[in-house]
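There are 6 protein chains.
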Amino acid sequence: MRILLLNGNTSESITRALLTEARHNAAPDTTVFAAKCARGAEVVASRSAEVVSAYSMLETIATIKEPYDAVLVGISYDTAVSALRELLAVPVVGMTEAACHVATMVGSRFGVVLPGARNAAFYRERIVACGFEPRLAGMRVIDSSAAALYADPENSLKLIRNASQALVDGEHCDALILAGAALVGLHRKIQPDIPVPVLDGIACGVGMLESLARLNFPKPQAGSYSVPASAELGNIDPALSGLFAHPAGQQS
Amino acid sequence: MRILLLNGNTSESITRALLTEARHNAAPDTTVFAAKCARGAEVVASRSAEVVSAYSMLETIATIKEPYDAVLVGISYDTAVSALRELLAVPVVGMTEAACHVATMVGSRFGVVLPGARNAAFYRERIVACGFEPRLAGMRVIDSSAAALYADPENSLKLIRNASQALVDGEHCDALILAGAALVGLHRKIQPDIPVPVLDGIACGVGMLESLARLNFPKPQAGSYSVPASAELGNIDPALSGLFAHPAGQQS
Amino acid sequence: MRILLLNGNTSESITRALLTEARHNAAPDTTVFAAKCARGAEVVASRSAEVVSAYSMLETIATIKEPYDAVLVGISYDTAVSALRELLAVPVVGMTEAACHVATMVGSRFGVVLPGARNAAFYRERIVACGFEPRLAGMRVIDSSAAALYADPENSLKLIRNASQALVDGEHCDALILAGAALVGLHRKIQPDIPVPVLDGIACGVGMLESLARLNFPKPQAGSYSVPASAELGNIDPALSGLFAHPAGQQS
Amino acid sequence: MRILLLNGNTSESITRALLTEARHNAAPDTTVFAAKCARGAEVVASRSAEVVSAYSMLETIATIKEPYDAVLVGISYDTAVSALRELLAVPVVGMTEAACHVATMVGSRFGVVLPGARNAAFYRERIVACGFEPRLAGMRVIDSSAAALYADPENSLKLIRNASQALVDGEHCDALILAGAALVGLHRKIQPDIPVPVLDGIACGVGMLESLARLNFPKPQAGSYSVPASAELGNIDPALSGLFAHPAGQQS
Amino acid sequence: MRILLLNGNTSESITRALLTEARHNAAPDTTVFAAKCARGAEVVASRSAEVVSAYSMLETIATIKEPYDAVLVGISYDTAVSALRELLAVPVVGMTEAACHVATMVGSRFGVVLPGARNAAFYRERIVACGFEPRLAGMRVIDSSAAALYADPENSLKLIRNASQALVDGEHCDALILAGAALVGLHRKIQPDIPVPVLDGIACGVGMLESLARLNFPKPQAGSYSVPASAELGNIDPALSGLFAHPAGQQS
Amino acid sequence: MRILLLNGNTSESITRALLTEARHNAAPDTTVFAAKCARGAEVVASRSAEVVSAYSMLETIATIKEPYDAVLVGISYDTAVSALRELLAVPVVGMTEAACHVATMVGSRFGVVLPGARNAAFYRERIVACGFEPRLAGMRVIDSSAAALYADPENSLKLIRNASQALVDGEHCDALILAGAALVGLHRKIQPDIPVPVLDGIACGVGMLESLARLNFPKPQAGSYSVPASAELGNIDPALSGLFAHPAGQQS
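Chains as they are written, first to last, in my numbering: chain A, 1287 to 1538; chain B, 1287 to 1538; chain C, 1287 to 1538; chain D, 1287 to 1538; chain E, 1287 to 1538; chain F, 1287 to 1538.
Chain A on its own, in the form it takes in the complex:
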């Protein structure tokens, strides 16, 4: 099967890191290829930048010519996941929701380590929206910008390790999620020192999509994820216009 990794950030290096991680976890017969957005922030870090990113993700996917069987949303706010799930006929999963699903299959309650106090509300809102709050034991913020993470990775790893251990000791978490696309891949570096599973959303998302693709559900004909009526939207890119005119087109 072919998974499209759709990055809501425009950063080339994050896209590469996400793709590496996705491929690392994919089944042998799974191909992963990536697309990044043309508009928006290098690293989305606010609700307003996320709005631009969501739009750009729709524009981007409308231009993808290569076939794909599933879409992995590679931005940790799970930006545009429900819009894409509605518009397309193939499975769509976000990296943070995927991590929550896996966390609740390996433990009782989970913790979240995340960079930047500003983000704490965003992730909590996402977890509430998915209905996972009853399984959320706690969150810890590491005060480290993406830039700082890259500048002094050893210190960042130390901060992440300390936050992780504090969640295990103080909140009795059975699993930990490292949130944020900027942290992708770091779970493998801290896992040896942490006594519970440490989860990465990309790794989890690849598996969830492989499962969903094999289940091969028909596109809903009713409910909130059924094909929206073909709509004419003004002043948008022709490719996107085409997608709205023929939603879920891949299956028809």
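Just so you know, the hints here were simulated from the structure itself, not pulled from any lab data.
One or more hints might be untrue.
Identical copies look the same in the list; a pair holds intra-copy or inter-copy alike.
Pairs of lysine-lysine residues, derived as BS3-like cross-links and limited to a Cα-Cα distance of at most 25 Å, are as follows [unchecked claim]:
#1 Lys1475 with Lys1505
#2 Lys1505 with Lys1444
#3 Lys1444 with Lys1351
#4 Lys1505 with Lys1351
#5 Lys1444 with Lys1475
#6 Lys1351 with Lys1475
Position chains B, C, D, E and F against the provided structure of chain A, taking the given hints into account.
Chains B, C, D, E and F in isolation, oriented as in the chain A frame:
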């Protein structure tokens, strides 16, 4: 004070209807003026069209030259409310959240009447996100498109009355919310026949904004609604680019 | 419009402080006048004293001759709010619920600073009853009696500032509520030092009532806030007896 | 042990019916005696009448000379339970909360049959306040006033049976609560026809109090049910004044 | 009445301690006798050992010849409570759920002190399953094995006292539950130093069962606790086989 | 990879049906083999039979000699899942939790169709325990025993179709779960007539396990799923005794 009514739909007639309703409920010294989006759907009716609408709302507000003291989001999914709240220094309220606030100040639990089964999940998700689900008694869908509402208004009113009374009798609602920008103003037509308050989001939103504006809170310097770091976003309109470069600019 | 500020405490000085705050926030065309209870505690500080206060509030309102368009309950337990809302035809709002409504329109989750550990359960129960618990991030108690607050206001302000900052830093609150009529007005003194909006229930309540009054809902004819059947209650004050005989009388 | 059955209604006949039921379920060495309020409604049927009842209950208990080891609140809104629990040193239980406790020890989820649509919100609010909403499967209203219940008991029993069976069949309840002091004792008449346990709050409350009394907890010295500071309350009955001056006096 | 105390642990000494505690709290006319399991762990301390314990409890009860009117499950995970409640015609209560019921009749929110971090999730899951999470203020783990508790009881008591006081001070608990059969009876030793009621599940359970037995509900004929269809189970002990063939046999 | 399908029922025909379904959905390089219990009911249909089944599942797995990389629990109550997850080093998933995870990745809220009113509480309790209740839209019971399902499959399919459509129309479900091992495979027969995805727990579980196995988490060293201390359990089968003596042995 001056309220900007920002319509996420591109329909001129809905914009006028919303503006009429807003002005009907505004205090004598409140001025309301409207802006509608340049891109997107006439009437947003899907999650994917909402993504375009959200982006278009940011673009639109970036070009508004007239001063305003508050923003009323005139699309019943409360599209882009949290992004605007973050980006601006003035109060921002969505029409559906406003109705929920008012409903819970006049009754114990409320009901929602909404057009189109597809929308039931959207409104529930919004109500859950706002934390009002403990106060939601029930929802009733009227199977009537916006087009049908306009084509046969008498029949639509009958459907709305029946759904409203069913919520009062069967779910013991103390208040009712008519959801959907397309229903704006109809609450006044059915109120005489319905034994509990019937709420319209625009009417409620104007009042909430007048209150918020008078409270005159400073723009947060911490937390998830603090001013986001000035960000450079690629490939966006210069006006929007300027807004991201100087968020919350009206106060600085 | 005219707002009746009904203080459930018998303290003259608190009544004056509440009235000052209410007037400070009222619209130019809003008149606020106050009534305090004849029976009960100077400062209600227990569930049992609250029972006396609730009764006294009904007795008091039954004797008010001046017309009013809305009632602001000036006791932070929101004492008798639902009884008054049922009995009267005009909007009634409590100061703590009003603050919660405003808090959730300016931020994601809010914190509460409150005086006296005894009160922690009272406020939480009120917040749960209103359905706002999903938006409550945390509470901090300052161990300071009303007497101490007045005796050493500088120290009290310091305690409040520290508790507020701790809620912002530790619980990622986007807004803070200062609970307790005894703290009325202090929000303005600490706001300059606190990076998120600091809310006062009286200030918030005035605005909510102005909004509700303008919406001008009919008195419910069904549901739990409909006019109760005219009832004969034994051994009560004639004025109160009259109110029960003709509930919601102002509108009939 | 001695249980004081404190009726918040002033009706002599309801008091007798409650007392009969309480004695029917008491252990051999338990004595139950009743007190009814001097002020207020014959049958409390509104939030405002409940405020009078609560005050009258405090006045009444302040004059009780006979010793007692526990208080059963005989009004189905559980009026004044938390105030009495705070003020006294002996256990206090309300009839509706008691039924909820028992219901959740005999089944998974329970249903509630209640008279009068107006009451639906009251009972739900009480159940939410107690934290039992996750165990509430549904409610059914029988449209029958207390007067009608007495005028045509056979028809009322039929309505109650039908509502009960509907809750078992439609909501899969494992237990049923008949709410409302006016229905006291009817559970025994319908039990033979209903396939799950039918609970009466008075019957349940007596047992809960016997258990609590034997556990013999000390009066809390901290927390929200600790002895409130001795308070001077103005313009109240001398006996009640004495109770506030020496709360929890029976144990000191 | 006769209560069967069914210990899911095979430890003779814990059985004796539980029985002593149960008798200490029983009414004069209540007889308590104990049975312990033949299979399984001395002290159940894992989910997997609990599975063995549950099975052993069914085997054990199938062989009890003495009549009993109620069953108290003496293992703090409330192991097999719902299975026993289904299979038998008499009331069945677990020690932890019983403590939760009592806690919520004496206070607003309660805390839990428990031995061993491994157990924190177990107790929380049990409290969530019972629906008491809205009333749970917090948990504190004392890092002390059952062995350590017995080896240095003074130190253990000190740890329990400290954890208890921390819950009162930091979480504003109105009541405390000591969880774990291994702690049985210790509540009396720490109560003098702790300012809120300290609850023991066995003490609470005896009272709940005395109440339930007196209510004398019929065995449900519908719902999830009705008599299961007589079932033939392969390869089980003849006595247990007989119980499955004639469930709820004591009443038929 | 190799998945062990562990059936908690002793029925040979159900085991075969589950195995067929599992293999139908497995990846090409996944091998599935089944084991069924030696003790207990042909078809588990009560909480008490489930206790026997859980024990038998542990006994059974202790004797499995063939290697396996994951365990799929093939009984729709998800019997013993948490015990197995604790005891083993490989991933363990239950068929009902797996279906809930998938349902919430393809829709907003889901419905459950289940056979036998007795089971409604069991499935709800399981869904609550997993934390999925916020996403549960409703349940419909088909009154059809497993025997009736086999005797008149056409009628059963009609009942299932009707219940499914009712959940879509009345509760606005975006996905449906057919609960109960006895219904395994029927989802494919009704899918063509139902407008939203119809989920089967076995199909979903296979995919979840393939994902979890590839993620290859270390066995937790802390938390509630860490390796339990090696324990000596009395009077159990030597093979099971060995498993308790060396839990998680496959990985060490």
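Going down the list of hints, with the structure as the test:
1. Lys1475 with Lys1505: Only across copies: lysine 1475 and lysine 1505 sit 17 Å apart there, 39 Å inside one copy, limit 25 Å.
2. Lys1505 with Lys1444: This pair counts as between: shortest inter-copy Cα distance 22 Å, intra-copy 45 Å.
3. Lys1444 with Lys1351: Close neither inside one copy (43 Å) nor across copies (42 Å); limit 25 Å.
4. Lys1505 with Lys1351: within (20 Å within a copy, 42 Å between copies)
5. Lys1444 with Lys1475: within (10 Å within a copy, 40 Å between copies)
6. Lys1351 with Lys1475: neither (36 Å within a copy, 34 Å between copies)
Hints 3, 6, counting from the list given before, are not met by this structure.
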